[in-house]
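Next come the chains, spelled out residue by residue.
Number of protein chains: 2
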Amino acid sequence: MKTDQFRSGTNFILVAPQSDRTPVCMRFALLASAVSKSFVPTKTLRRLHLSSASSSPMAASEESLRLALAEKQATVDAQAEAVRALKARPGAVKPEIDAAVECLKALKVEAGAAARQLQAAVSRNGNASAACSREAFRQAVVNTLERRLFYIPSFKIYRGVAGLYDYGPPGCAVKSNVLTFWRQHFVLEENMLEVDCPCVTPEVVLKASGHVDKFTDLMVKDEKTGTCYRADHLLKDYCKQKLEKDLALSAEQAAELKHVLAMLDDFSAEELGAKLKDYGITAPDTKNTLSDPYPFNLMFQTSIGPSGILPGYMRPETAQGIFVNFKDLYYYNGNKLPFAAAQIGQAFRNEISPRQGLLRVREFTLAEIEHFVDPEDKSHSKFIDVANLEFLMFPRREQMAGESAIPIILGEAVSKGIVNNETLGYFIGRVYLFLTRLGIDKERLRFRQHLPNEMAHYAADCWDAEIECSYGWIECVGIADRSAYDLRAHSKLVIVPSKKELGLSFKGNQKMVVEALEAMNEKEALEMKASLESKGEVEFYVCTLGKAVVITKKMVAISIEKKKEHQRVFTPSVIEPSFGIGRIIYCLFEHSFYTRPSKSVEEQLNVFRFPPLVAPIKCTVFPLIKTAKFDDVAKIIAKSLTAAGVSHIIDITGTSIGKRYARTDEIGVPFAVTVDSTDSVTIRERDSKEQIRVSIDEVASVVKEVADGQSTWSDITGRYPAHVAAQSNEE
Amino acid sequence: MKTDQFRSGTNFILVAPQSDRTPVCMRFALLASAVSKSFVPTKTLRRLHLSSASSSPMAASEESLRLALAEKQATVDAQAEAVRALKARPGAVKPEIDAAVECLKALKVEAGAAARQLQAAVSRNGNASAACSREAFRQAVVNTLERRLFYIPSFKIYRGVAGLYDYGPPGCAVKSNVLTFWRQHFVLEENMLEVDCPCVTPEVVLKASGHVDKFTDLMVKDEKTGTCYRADHLLKDYCKQKLEKDLALSAEQAAELKHVLAMLDDFSAEELGAKLKDYGITAPDTKNTLSDPYPFNLMFQTSIGPSGILPGYMRPETAQGIFVNFKDLYYYNGNKLPFAAAQIGQAFRNEISPRQGLLRVREFTLAEIEHFVDPEDKSHSKFIDVANLEFLMFPRREQMAGESAIPIILGEAVSKGIVNNETLGYFIGRVYLFLTRLGIDKERLRFRQHLPNEMAHYAADCWDAEIECSYGWIECVGIADRSAYDLRAHSKLVIVPSKKELGLSFKGNQKMVVEALEAMNEKEALEMKASLESKGEVEFYVCTLGKAVVITKKMVAISIEKKKEHQRVFTPSVIEPSFGIGRIIYCLFEHSFYTRPSKSVEEQLNVFRFPPLVAPIKCTVFPLIKTAKFDDVAKIIAKSLTAAGVSHIIDITGTSIGKRYARTDEIGVPFAVTVDSTDSVTIRERDSKEQIRVSIDEVASVVKEVADGQSTWSDITGRYPAHVAAQSNEE
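Residue numbers (UniProt numbering), protein chains in the order written: chain A, 1 to 731; chain B, 1 to 731.
Only chain A is shown next, with the shape it has when bound in the complex (with noise of 0.2 Å):
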C-alpha cells in the first residue's frame, strides 16, 4: 500500500498473523535463496517475507501433497470411467464389474486420504490451530475490555461508525497514565521541545509535504450500488480462500497465489485491476463487477472559513507541525543543534474500509519526537546510559539470511554498523525502556530494522519497534533517521508576484493569478523559476480562471530560503521516534491479560496484570462487611489515599469480598486494602494474592510507596506481618 510506505516513520504497518517467528525465517531462508535479485526486486523482499511463501519445507510437502492428491484424483478418475466404459460394454460380467466398483472405490478412499492430509497440512501451514487458540484468545481479552469498558465503538446508540472508538473509564485512565509516562520519559528527562498544533490544516503544508499526492490507499466500487473496498483487501481475500479451501488447486496455481499474496503491496492500480478480472473477483456481497482500481486519498477533507476556498484536511500525522516551526524552535534553543521536539495529539486517516478493531482506526493519539541533529556529527552524549541494554534485535541481515530476531547488546549494534548512529541507536534503547516498563513482554518485542527498499529514498536507516499479539507482529513504533527529507520540503518558498505587472496583463483577473502563483508548492514553483530563466515566459494554468495564461518572467520573483549556520550551509538531520499510542495500548493489554481458576471450577476469572504505573486505578478500598464502623474507616483512608495523590475507589457493597477482589482484578488495580478491623487492615497484591496487615495511618504512604513505583510489593512485604487467614476469602 502507498499508505503504508509514505512514511515509515509515522505509520504502522500490520504484519500478518504468525505464530512462530522460526518457520516463517526458515521458509523464508529457503525462499531467498530460491529468487535471484534479477528475478523479484529487492522491494518485495519484506512482503515475501511477511507473507507465507512457496518454497517453505512445509509449502514444499505441501506441494507434494496436492501432486499425490491430483494422482490419486486422476486414478479415481481413470478407474471411474473404466467402470463407466465396462458397464456401457454389452456382456460385460458382474463379478468384473464389482471388481472394478471395487476398486474405485478403495481409489476413492485412498484420495479422501489425500485430500485430508492436504487440508492437515494446508492447516498446518496456516497454522490454523493456532490461529484458532490465538482468536479465542482475543476473544477473551476483547470481551473484557467492551464489557468492562476499556472501550466502546464510537456512537453504538446509532449503530456505530467503522474504525471509531471511544475510551471509556478504564481505557482512559490507561491511556492517560501511558500519555503522561510518555512525557515524563522523553519530553521531561530529554528537555525536548515540546508543540501543540491544530488538527485542521491548510492544504499547502500537506501538498508540501507530500501527503495530499501521495497518501493514498487503491480502491475499487461496486458498480452498480457504489460500495467501496479496498483492491488489495479484495485479492488477498480471495486468494487466502483459494488456498484454504480449494484442494483441487494444482501445484503450479498454488503457488501462482502465494506469489500473488506476496507481491500484493506493490502491485501498481493496473496490475491489481489486471489480477481481480484475471480471477474473476466481484462485490463480495452482491457479485456485482468492480470498477478498477483507482487512488483515494486517506485523508479527511475539509473547508477552512466560510468562503469554500481555502481547503484543509484533518491532519494525517501530527509531525508536520513540527517541521513548519522549526525556525522558531531552533531560535528558541538557542540557534544550537542538536534539540528535539516533540507532540502528542490526534491524527486521522479516512480508512477505505477498518480492520482488525483498535489497530486500524480512523483516528487515533499519535506521540512524536522530531530529533534535529548535525547531519555530520550523529554522536549521543547520552548513547552510554543505553549501550549496556540487551534486547531482540532483526536487523537486516538476518531478515534477509532467513534468521530469527536475536538479543544484541544495543552498543555493539551501534559499534558494529548495525544501527545506523548512536542517536538512533539512544531512541531504540529509550524506545525499549520505555515499552518495557508499560508492561510489554520483552519476548515479545523486537526492533526490525526496514530493507533497503522498505525505506524512502531519502533515509539512512529506520527500525520498528514491533510488538507481537494475537495479530501477529505489529508494528508499534516507527524509528527512522529520515536525513534531511522533511525540512527540506517545508523549507521557505519564496513566490512573490509583481501586482504591478500582473494587474496590467490580466486586469479583473489579477488576483486569481495572484492567488494560483502564490499557491505553487516547491516542485512548480522551481520548474516555473527553470522556465523562466531559460525561456523568458512560461503557460500557467489557472483553475480559478479555468484556462491557462502567459507568466513573464518580471511577474514573478521564485527564490528558496537556506538554513546558515556559522557559514556552512545545511538542513539539519531528522531523527523520528513516532508512537502509535492505541496500538501500544492494545499490545498491553494483550500483554497483561491472563485468566485463573475461581472457587467454582468451571468459571475463570479475568486479570490485568498492570504494572502500577498504567493500572488504571491503583487501589480499591473494601470494608469486609457492611458496617457503619467499617466504612467510617474506609472513608478515611480513601481521604488520606486522595491527599497522597493515589487514585482509587471504595466499594462499600455488600458482595462477597472474593467477588469485589475480582471486579478490581479484572480492571488490573493492582492494590486492595480490605478493612476487616478499625486499627489495622490488609493491603492485597493483584498477582500474588499476598496479603499483608498495615495500620491505618500507614496505608495511604505505603500504597503510594509501591503505587508510584519506589518500592516493589516484595520490598513491602519484608516490613510487614503477612495476613494469611483472608486468603480464603478468594473466589
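Careful: at least some of the hints might be erroneous.
A pair counts as met if it fits within one copy or between any two copies, since identical chains are not told apart.
Claimed, not checked - DSS-like, lysine-lysine: derived pairs with alpha carbons at most 25 Å apart:
#, residue 1, residue 2
1, K72, K277
2, K214, K156
3, K554, K659
4, K626, K240
5, K689, K704
6, K626, K553
7, K382, K635
8, K156, K523
9, K507, K287
10, K287, K416
11, K224, K523
Keep in mind the hints are simulated off the structure, nothing from the lab.
Chain A is already provided as a structure; the job is to place chain B on it using the hints.
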C-alpha cells in the same frame, strides 16, 4: 448570535470590553428603568447590559453636549449665511462686514470648543484612555507570549490561518499542567468516569443534538469578490465607528445606533439585513454591495469513509460523546445516580472571521463534565466542603437592578435560592477553587447568573465563571443545570422500516427510502408517527430521490425507548460544567504578567508570576561563573531534580546571572538554583527575589517541596539562611 445562545453551557460569550464595573452597572440601572418590559423583550436585557446604554448619566451629558454643539453649529451656519448676504449686498460697508466676520470667527471658536467637549465626552464614555492602556498592556503580554513561544500563529511559514494557534514549548507545558490539575481536581477527586471519544462525528449524532440545524452565525458576502463577513460584526463596527467619529450625529441618531448595538445579538437575518441596507453598509475592503445575511453552519464538515455518502463533522463540543454513552456509563456506575462523566478533548468551530487572538479560535481544547442526577434530588453530599467559600457572584437580581457583582457565601446563595440547587452550587465552588489555585485573580473573577431569557428554555439555572482581562469579562467556564434536554435528544429513537412493504411500493428506490426514513431525527420521526396514527399515511420528501413519496402505516414502525429506574420513568437531569481551557490559559497569562524595573532605567523586565502548579518549568540551574567544577555541581543537581520529578533547565551560558534570572522570570520559572560553591548553593524565588542558602544534598528535595505545593516559600525561608549578597546580581 445563534451560536452563542445555542448551548449556554459550552460556548463562551465574549463580553464587550468594560474597564470598570461600576459605570456599566449605573448605566444599566438607568437603562433598566428606562426600558419597560413591554418595550424591550427581557431576552435582550443582557445585551443591553453589555453594550453602552443611551440613557446613562454619562450618555446624558453626552446628549446635552451633542445638542449644544448642534445649536452652536446652527448659529455658525446662520452667521456665515449672514456674512455671505452682507458681502453680496451692494454698498455694504467694510466695517460692518469685518464685524460680522469677527462674530463668525468667534462663533466658530465656540463651536470648536463644543466639538472638543463632545469628543472628550464620547471618548470618556468609551473609556478611550483606559482602552488605550488596556491595549498597551495586552500588547506587552502578547509580545512576550509570542517572543517566548508560549504560542505561535499556526502555519506561519505558509502565511498562517486565522483562528489557529500552536502552543510552543512553555505554552504547551502550561496547558499540560492545567489539564493535569483539572484531571486531579475533578476526575480523580470526584471519581468521575472519564471518556475519550473521537472528534470525527457522524451527522446523525449532531442532527439529534440540534447542531446541524441550529449551530449557525449570520453571514454576508461581498457580491463581487465573494469575501465573507459576519453580518453582526459589520453592523457593530459601523455603529461604533459612527458613534465615536461622527460628531454631527443628532442625539436621536446616536440613541438609535446605541439601541442597535444593544439589540445586535437578537436580530433575525431579516432585521440584520434591513439595518445593513438602511445604513448603506458595504463590504469593508471593496465597498461592493453585500448579499442578504444567511445562516452559516460553524461546524467543519467532512465525509466519513470512501463512499462520500456518510457526512460527518468535527465535533463542536465534547459533551455529545458522553451523552451517547450514557447508558453504558450508567451501567458502569452500577445503575446508580448521581454520577459524573468527564471528557477533555479538541473541539472545532469554523468561525466566519475569528478575532481576539486566543479567545476566539477555530480549534480549541474543551474539558467538560456531565453530572447526571435525579431531577427530584439535586442535593450533594460534599456541598458542605465548599459552603463556606465567599466570592464575587453576580445574580440575576443584581444585574436587573443594575448593581455590581457582590461577595456572597456560597452556602447562603444556595439556602436563599439564588443558586438553584446544591449540586450546581457544589460545582460553582469547585470551579472557583480550580481557577484561583491556577492563579486567576479573585478580584477579577465573578460568577454571573444567566438572565431568564439568556438560557435555553429547558435549562433550570446557569452560571458563567467570567474572568476579566484586557478584552473585558470573558466567559471561561459555563456551569449549567440543563435539565434533561441532552439525554432526551439521544433517547433511543427506534425506526424500523418494513423493507418488504417498501420494496413492493418503491422497487429500485427502496434503499433510498429506507435510508431517508432511518435518517430522520426525533422531531421528524415523532411528527411522522403522529401523522401516520391520525391519517394513516404521510408525504415524505426523500432528498436522494429529489421527490416526495407517500409513506403508509405498514411501511415503518417508530418508537422511543424510555429509561426506567425502580419503575419510576424519568430522564436524569444533567449539570454541565464546561471549561474553555484556552480561554482560561489566556486569562491566566494576563493575570500573571507584570513588569518591574531593570538596572537600566529605561528597560522594564517582564515576569509571569505563575504558581508552581502551572509554571512551565519549576526550576532553573545556573552555575554562577563558567568553570568545570560549578558545571559539574549543576549537573549533579540536575540529575537529582530529574530523579525527584522536578522539571528544570540548566543554563551554562556565560551570560550574567541577572540576565539569566530575567530570561527565566519571563517564562515564569518560580525557582532558580545558582551554583556559587561546591558544597552549597542558593535558591532564589522569582517574585520576592529572596534567596536562601541550601546544601547540595538538600536542593532537590527543597525545590520539590515548594514546587509541589507541600510548602510555601515562606515556610521554607525560615528553615534556611538567607543569602543577601547576590541580590545585587539582579538586573
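Verification of the supplied hints:
For the homomeric pair K72 and K277, neither the shortest alpha-carbon distance inside one copy (32 Å) nor that between copies (92 Å) is at most 25 Å. Proximity of K214 to K156 under the C-alpha cut-off of 25 Å is restricted to the inter-copy arrangement: shortest distance 24 Å between copies versus 33 Å within a copy. For the homomeric pair K554 and K659, neither the shortest alpha-carbon distance inside one copy (82 Å) nor that between copies (49 Å) is at most 25 Å. In this assembly of identical chains, K626 and K240 lie within 25 Å of each other by CA distance neither inside one copy nor across copies; the values are 58 Å within and 68 Å between.
For the identical chains of this complex, K689 and K704 are intra-copy neighbours only, at 18 Å inside a copy versus 35 Å across copies, given an alpha-carbon limit of 25 Å. When the C-alpha separation of K626 and K553 is checked against a cutoff of 25 Å, the pair qualifies neither within a copy, at 88 Å, nor between copies, at 55 Å. Taking CA atoms no more than 25 Å apart as the test, K382 paired with K635 passes between copies only; the shortest distance there is 13 Å, against 47 Å inside one copy. For a Cα distance limit of 25 Å, the shortest separation of K156 from K523 across copies, 20 Å, qualifies, whereas the shortest one inside one copy, 45 Å, does not.
For a Cα distance limit of 25 Å, the shortest separation of K507 from K287 across copies, 18 Å, qualifies, whereas the shortest one inside one copy, 55 Å, does not. Taking the shortest Cα distances, K287 and K416 never come within 25 Å of each other, neither inside one copy (56 Å) nor across copies (71 Å). When the C-alpha separation of K224 and K523 is checked against a cutoff of 25 Å, the pair qualifies neither within a copy, at 39 Å, nor between copies, at 33 Å.
Hint compliance for this structure: hints 1, 3, 4, 6, 10, 11 are broken, all remaining hints hold.
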